[in-house]
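Note that the sequence shown covers residues -25 to -1, 1 to 115 in mature numbering (1 follows the signal peptide of the UniProt record, and there is no 0).
Everything labelled a hint here was simulated from the structure, so no lab data went into it. Among the clues, some could well be false.
[What the hints assert, rightly or not] Taking CB as the label site, the calculated pair distances span:
1. Asn41 x Lys69: 45 to 51 Å
2. Glu7 x Pro90: 18 to 24 Å
3. Phe104 x Lys69: 26 to 32 Å
4. Asp17 x His97: 18 to 24 Å
5. Pro68 x Gln28: 43 to 49 Å
All C-beta atoms, glycine included, are put in the ideal place defined by N, C-alpha and C.
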Amino acid sequence: MIGSQRSAVILLVCLVGLLIDVTRTQGVQRVEKSVISYQGTDFLLHDGCPEPQCDQSQGECQRTINMVRALYSHCSQSEDGQHVGCVSDLIGPKQTITLPVYASICSAMCYESDPKNLERVHRCPTRGFRVHDPSLQSLF
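Kindly generate the complete structure, drawing on both the sequences and the hints.
Structure representation (structure tokens):
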């Protein structure tokens, strides 16, 4: 990804994060999760982009909801939208552990309101796969 595209994605992520953070205080969000298989292990990860909870009779609320939907849709259709979001940490002087934390990079921008934590989320180095098991849906 060239520099200007990366800057645009970072700006997009920050905007959605701010919108979610502002509306988060106005109500309880419905959390969506999906089972993602990553390197042979199944993880239950935040997925999608919950709708901001606000007074939908107010025009500003509707504009915020529409903007979050549009930004998430745009991100989902981008190259980043197809990748599981991981975080890497050092576990020794020469070892790093990488774990999936979000079903997609786009989901990370919706759930992670702290910009410093969001900066830590990156594309997982290997591909993860969504597990479609109807029996699991009753658990969420």
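_Hints breached by this structure_ = none
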